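Between the sequences and the hints, there should be enough to build the whole structure, so can you do that?
These protein sequence lines are chains Y and E, in that order. All residue numbers for the first sequence refer to the numbering used here, where the first residue is 1 and numbers rise by one. All residue numbers for the second sequence refer to the numbering used here, where the first residue is 1001 and numbers rise by one.
Keep in mind that the hints were calculated from the coordinates and are not lab data. Note that this is a predicted model, so its numbers are computed, not measured. Check the hints yourself; a few may be wrong.
[To be verified] PhoX-like cross-link-like pairs, simulated, lysine-lysine; straight-line CA separation at most 25 Å:
| hint | chain 1 | residue 1 | chain 2 | residue 2 |
| --- | --- | --- | --- | --- |
| 1 | Y | LYS23 | E | LYS1146 |
| 2 | Y | LYS86 | Y | LYS58 |
| 3 | Y | LYS441 | Y | LYS453 |
| 4 | Y | LYS21 | E | LYS1146 |
| 5 | E | LYS1146 | Y | LYS32 |
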Amino acid sequence: MTTELHPQTTPEVGGMGHSVKRKEDPRFIQGKGEYIEDVNLPGQLWLDIVRSPYAHAKIKSIDATEALKIPGVAAVVTGKDLEGYKLHWMPTLAGDMQMVLPVDTVMYQSQEVAAVIATSRYAAADGVAAVEVDYEPLPVVVDPKKALQPDAPVLRTDRGPDKQTNHIWHWESGDAAAADEALANADVRIAEDIYIPRIHVASIETCGIVADWNPIRQQLTMHLTTQAPHAIRTVVALVAAGAGLPIYEHNIRVKTHDIGGGFGGKVPVYPGYVLAVAASFLTGKPVKWIEDRSENLQADSFARDYHIHAEMGATKDGKIQALKVRTIADHGYTDAAADPSKFPAGLFNVITGSYDFPNAFVEVDGVYTNKPPGGVAYRCSFRVTEAVHAIERMVDILAHDIGKDPAQLRMENFIQPEQFPYHTPTGWEYDSGDYPKALQKALDLIGYDELRKEQAEKRARGELMGIGISSFTEIVGAGPSHDFDILGLKMFDSCEIRVHPTGKVLARLGVQSQGQGHETTFAQIIAEELGFPVADIKIEEGDTDTAPYGLGTYASRSTPVAGAATAIAARKIKEKARLLAAHLLEASPDDLEWTNGRWSVKGSPDRFKTIQEIAFAAYTNHPQGMEAGLEAVDYYDPPNLTFPFGSYIAVVDIDKGTGEVTVRRFVAVDDCGNIINPMIVDGQIHGGLTMGLAPALYEQITYDELGNNLAGTFMDYLLPTAVETPAWELEKTITPSPHHPIGAKGVGESATVGAPPAIANAVVDALWHLGVRNIDIPITPPKVWRILHDKGIS
Amino acid sequence: MTTQHVSLTVNGQPMEADVEPRLLLVHLLRDVFGLTGTHVGCDTSNCGACTVHVDGRSAKSCTVLAVQASGSEIRTIEGMADGATLHPLQQAFWDQHGLQCGFCTPGMIMQSAWLLEQNPHPTDDEVREGISGNLCRCTGYVNIVKAVQQAAGQLSASESAPVAAAATVDAS
Chain Y
1 MTTELHPQTT PEVGGMGHSV KRKEDPRFIQ GKGEYIEDVN LPGQLWLDIV RSPYAHAKIK
61 SIDATEALKI PGVAAVVTGK DLEGYKLHWM PTLAGDMQMV LPVDTVMYQS QEVAAVIATS
121 RYAAADGVAA VEVDYEPLPV VVDPKKALQP DAPVLRTDRG PDKQTNHIWH WESGDAAAAD
181 EALANADVRI AEDIYIPRIH VASIETCGIV ADWNPIRQQL TMHLTTQAPH AIRTVVALVA
241 AGAGLPIYEH NIRVKTHDIG GGFGGKVPVY PGYVLAVAAS FLTGKPVKWI EDRSENLQAD
301 SFARDYHIHA EMGATKDGKI QALKVRTIAD HGYTDAAADP SKFPAGLFNV ITGSYDFPNA
361 FVEVDGVYTN KPPGGVAYRC SFRVTEAVHA IERMVDILAH DIGKDPAQLR MENFIQPEQF
421 PYHTPTGWEY DSGDYPKALQ KALDLIGYDE LRKEQAEKRA RGELMGIGIS SFTEIVGAGP
481 SHDFDILGLK MFDSCEIRVH PTGKVLARLG VQSQGQGHET TFAQIIAEEL GFPVADIKIE
541 EGDTDTAPYG LGTYASRSTP VAGAATAIAA RKIKEKARLL AAHLLEASPD DLEWTNGRWS
601 VKGSPDRFKT IQEIAFAAYT NHPQGMEAGL EAVDYYDPPN LTFPFGSYIA VVDIDKGTGE
661 VTVRRFVAVD DCGNIINPMI VDGQIHGGLT MGLAPALYEQ ITYDELGNNL AGTFMDYLLP
721 TAVETPAWEL EKTITPSPHH PIGAKGVGES ATVGAPPAIA NAVVDALWHL GVRNIDIPIT
781 PPKVWRILHD KGIS
Chain E
1001 MTTQHVSLTV NGQPMEADVE PRLLLVHLLR DVFGLTGTHV GCDTSNCGAC TVHVDGRSAK
1061 SCTVLAVQAS GSEIRTIEGM ADGATLHPLQ QAFWDQHGLQ CGFCTPGMIM QSAWLLEQNP
1121 HPTDDEVREG ISGNLCRCTG YVNIVKAVQQ AAGQLSASES APVAAAATVD AS
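Below you can see the structure in the form of structure tokens.
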């Protein structure tokens, strides 16, 4: 990264702006990380799950006789067994209901049907194979549009008499009448259907739990792959209370250990977790469940699956006037989204993007189908990827339609730097941005004008090359408590800092790293604020008995929310340190100034106390009347969201013979506000870009008409390897968030959000002259080959 | 349940166990020998998180039976460092930020070690090809390629490095 940073601390202290090597890495590179499958407790049993081969069927009978004959198989648990404890249903984070095990009807292929508890992993698997289930297939609803037709079978007959429909909810934002009027009066009006396919985060570590109910202590410990340990603890306590079980929140401990990637997939509560807890409660022994990859891809919550119809109006020279978007959201058989309560379609109404839209209206309808629960993220903050893809595709279509360069059209329609804070027609207040600067930097870095010349020359020779731009605006850092909660829990986050007498620091947070490097970056924030070297600061997360309550890590909220809490907690400590220093220096607190980890007397820089000296005094020489110790905690309620942004440019070449798209170059200019650790920020962007490339060209979960999952293993669900992944070229602009204590905005998901339309736009750009307006992602070789074949190109 | 005796050398230490014939090598290493640095990420040999060296060759240990590996020399991530001194690949992954969640990292390092034994001076494209059987969801591979290149430079500069020593193990 060449953007110049100006760290205020020395490299030894390692505050903000230093590429501090990660503190967590020594254990990972030596195979000493502790992931969920590495947790083994004495006497532990294994749990494995019988799953449905049908997408919709009545369960006529479950016969466990043969399974129970297998040596090591201890029990087979069915939905009817759980019904006796009122544990056969559980709430989703969206407030819908999900089966733990079905009593009579399965709703999607690979749904949990029964659990086998055994003394070993292999015996449990043998037991699963021996359980005999007799099914009666029912009509399957795969297409969400057909699900809304009057003759479609109602899938969720468990819901109340007024809810006997496959329609879950309707949500809208903006002014429909104003948008309609502006569209009617527009010189140019375009419309497009855009499908954002169902995909899966597929973290390389799958999900798992070791549930440990200790009947003597009445203590439940859940060793768990979760991005939100505190919220999970509360949900478990509420479910237990509903079932009348003596499992109370102060006796529930969630421990995460190391997590092998999350990306949103480890936010929900999965039936396997509840089954393991129930099995441990019933047996009094620890019970371990580790899902395999097939279960992970076929049964865990999915992302996206948005059927979007977008209309846009503009003047004849390309000034954007209005946007209207209608969307059907396929949620599978239950709404298991992890969106904030007020936002069932997430923050999809950020869909006006980086552009100065006078009018906009967005509506979304959630629908049930016979598919696994949908609506979690895929490294995406609450439906922002869907929104960005739609708007960036529409802007490109408009540019091509009126014959204007897509970069120029964007420049002419951007929200300008002086318009911030900017109020969108759908209700958001963007905190800060400089969109023209980011796009110009990307254009310069990639050599845009030269590429356009090359493209023209190649087109004249019949070669297919495209250039695609995406100028996205992210919306992260959920969120302000007046609007943001999950199941009623406000979306604050927290940090508690303890400074020990010898000047060493322990800080605990309510968020949960899954690879983001929190042990390093949050230490850097404390180093920046207090001057302790990063090496002297230990960060802990993921033990609900010790960490302060927080809502967890997803939607790029750790730095915007918990990072702010860390800075504020450090500043509380700094203020107490001032009082201690005044006592030690026999000076007035008002006469002290803070520089480089020390309080000194103004005008007498040789009269000072270092933060380490002050820490010792806090325990050995504090003034009478002051509490001993040097600790602080902060629960941070953000005043607004943060709005990272960027401009990406992709260059693609298309093989006319095979239809294969190759991303030749990809320039990413990101602005995430102030940067804590440039190395880690770049790493986040590298990973995010690759998870943007993936759905753009490779990944999709598809179903046949019977609801069979056609991409249920890594043989068919194609994660990009190092060969397909280009050498990403990164640059930055820095526009601090004005309301964040350290001016940071968050970065984890920007690239996933911004990358897919850049690639899609590049492919369509390569084919526009053939009459191609849109290709839904993933843009696979067969799709492109079919288009070329139909056009007579080879 | 019928069991079969296996004896093998793991990271230079002779080890043995009585195992079910169907036990996978990765489960022998993890569940029986307690070497949990080798991970399982898929069921289909696609992800490479379980990569170890069997008789000097890179192998996906989720697709090898423990009984097949009996008599073999196995090397895992736990056998890469020389006491407190990290293997150049381990150091390079740390230096270059070649890992994030760390789950694919042991397999990625083992595959990279094999790659550098076969090709001590790879191009970036050759590194990408060489690790294409190992999936990483976090890093976008850019820094992994840099890490392998850093280690390649260090290993070729030092004949006494552990990988060079491993290359002398009979691979037949």
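Status of each hint after checking the structure:
| no. | hint | verdict |
| --- | --- | --- |
| 1 | Y:LYS23 <-> E:LYS1146 | holds (20 Å) |
| 2 | Y:LYS86 <-> Y:LYS58 | holds (20 Å) |
| 3 | Y:LYS441 <-> Y:LYS453 | holds (19 Å) |
| 4 | Y:LYS21 <-> E:LYS1146 | holds (15 Å) |
| 5 | E:LYS1146 <-> Y:LYS32 | holds (23 Å) |
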